[in-house]
Amino acid sequence: MSALLSVTDAHVAYGKVEAVRSVSLEVGANQIVTIVGANGAGKTTLLLAIMGILPLKGRVAFAGQDLAQLDIEDRVAMGLGLVPEHRELFVTMNVEDNLELGAFRIERRRAKASMERVYALFPRLKERRKQLAGTLSGGEQQMLAMGRALMGEPKLLMLDEPSLGLAPIIVADIFRIVTELRASGVSVLLVEQNAQAALKIADQAYVMELGEFALSGKASDIAANERVAASYLGFQHEGESAL
Amino acid sequence: MNTTIMLFLVQDGITNGAIYALLGLALVLVFAVTRVILIPQGEFVTYGALTYASLAAGQMPGTAKLALALGIGAFVFDLFVARKALHGRLILRSIVANIVLPAIVLALTVYFAAQKPPVAICIALSLVIVAMIGLYLYRIAFQPLAHTSVLVLLIASVGVHLALQGLGLLFFGAEGQRGPAVLSGAFTAGALRFTGQSITVYAITIAFIIGLWLFFGLTLYGKALRATAVNRLGARLAGIRTTLSGQIAFLLASVIGALSGILIVPITTLYYDSGFLIGLKGFVAAIIGGLVSYPLTAVAALVVGIVEAFSSFYASNYKEVIVFMLLIPVLLLRSLAAPAVEEEKD
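Top to bottom, those sequences are chains B and H.
The first sequence runs 210 to 452 under the working numbering.
The second sequence runs 4 to 349 under the working numbering.
So that you can see chain B by itself, here it is in the shape it has in the complex (with noise of 0.2 Å):
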């Protein structure tokens, strides 16, 4: 069986700045895949080139066809769907406009399932539909990013530090409605800082530093391995500067 998504032979640079280097990455269908690295290692780089937000040089398939040619709009109609790091929600829209917009490109009829099955997985968004994005909490922030880019009925939702900022308690929400979304049948590329937990509920996993990657298998393998677990799992060192 093929893979969802793959990257092969990736090159993402910022002017003569190489941020991300030869990488190569699988997501296969019903998997959570997980890249963990220090601050500034590239990960969210990589995301965004995937989406096709930042130019990238090397070879993303999905669903077994070239995105070369293809802008942001054609692969979220394809099912891919990004929550990006700072969500960019439409913050003067309450949260069901919020929603309604992310089946921009979905029949309005599928639409309004789509919603039932957001609300189901979010409650919290229910009880608030009618408030002003910007005016939610953190945490429901990141629910509102997430329904929205659901409601694309994406094949595969990459997250981008989901649990960047918020409480445990939410984190431990976020991370259990990732696993909840597998079931459904979504794969999920999820990028974090927050190593632990991610390893946790990912199948695969890729260690990335310096724009490469240093390390790839099964999560469990990657969770045990020493080097990671003096470098990620324990105390964190300090990487470069986000970008």
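Just so you know, the hints here were simulated from the structure itself, not pulled from any lab data.
Everything hinted at is true.
When the alpha-carbon atoms are kept at most 25 Å apart in a straight line, the in silico SDA-like pairs for lysine to any residue are as follows: (1) Lys266/B to Ala286/B; (2) Lys119/H to Gly61/H; (3) Lys266/B to Pro147/H; (4) Lys339/B to Leu217/H; (5) Lys364/B to Arg385/B; (6) Lys68/H to Val122/H; (7) Lys87/H to Arg268/B; (8) Lys339/B to Leu236/H; (9) Lys339/B to Tyr224/H; (10) Lys266/B to Ala149/H; (11) Lys87/H to Ser215/B; (12) Lys321/B to Leu221/H; (13) Lys339/B to Phe218/H; (14) Lys339/B to Val233/H; (15) Lys321/B to Thr222/H; (16) Lys266/B to Arg86/H; (17) Lys87/H to Ala277/B; (18) Lys266/B to Ala88/H; (19) Lys321/B to Gly225/H; (20) Lys427/B to Ile410/B; (21) Lys68/H to Asp81/H; (22) Lys339/B to Phe219/H; (23) Lys87/H to Ala286/B; (24) Lys335/B to Leu221/H; (25) Lys335/B to Leu223/H; (26) Lys335/B to Phe219/H; (27) Lys339/B to Leu221/H; (28) Lys335/B to Gly225/H.
Beyond 10 Å from chain B on every Cβ pair, some chain H residues (computed): (29) Ile8; (30) Met9; (31) Ile107.
Cβ coordinates follow ideal geometry from the N, Cα and C atoms, glycine included.
Once you've looked at the hints, dock chain H against the given chain B.
The following block gives chain H in isolation, referenced to the frame of chain B:
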């Protein structure tokens, strides 16, 4: 000054202010969605007005030909951009939208111009012609620059304004024109006399504002437009094309411009270059609204209209100066109230 004169001036100011409000709203809309400061808005006004006046006088307006020429240009741009992935459906769609449509409108215009058509047909044709010009201009002049800075877009905007003004002189000549009233007749209420035309101005302005409010509040495309204005990257991640939002914004702006022109031209003689000053007053209102607030822009537009009416009574030589001076205290206050906002990068 007695009360009657004052009432007259206020009435006059509100009539003009209503037009400025429409133009100001269009400017805010276009800026919020595309970051283009739409200087050519004034040309949409003159094109709409003079196309309408020409048709009503039984003359063939050059704008119909311009629409076809721009459509062909837009088609070439479409082909060039899609050159790596051309397929039949795409080409066909582009031909229909960019060439067949303006060709049909041109044929209709030629047919109707020869026989002094009724007012309704003149209005409809003028609106469609200017709407197409606005849409194709976005495709040719602004869409390829969509990722650049506000300054580059502003320079392009000035260029488009100058080009359209020159073409306006070519199409309509240096003489001014007046068009027939949309609604004739008048009635008197107390000291005030309301003409059918001024009632039309109020009614259409109010209808348009309500219509825009419903469009933005209730429809998916209206919400998508707002979403693009709030967060361009977020909108793209939801699958909303920036170019689609830009097209809708330009379409609305050109229709609003042309409609304003059609409403003014029975009241005032318009020349090929009159639009600039009219558009600029809408711009003053939009700036007072901070280029973001629709209600503030509408209120500011009424103030601009009333100030203009009073200053033309007291110091008619200085009326433009006085209106534009309104900007100085507003900008001063705004600069004190809010620190400079860094331009959004995306």
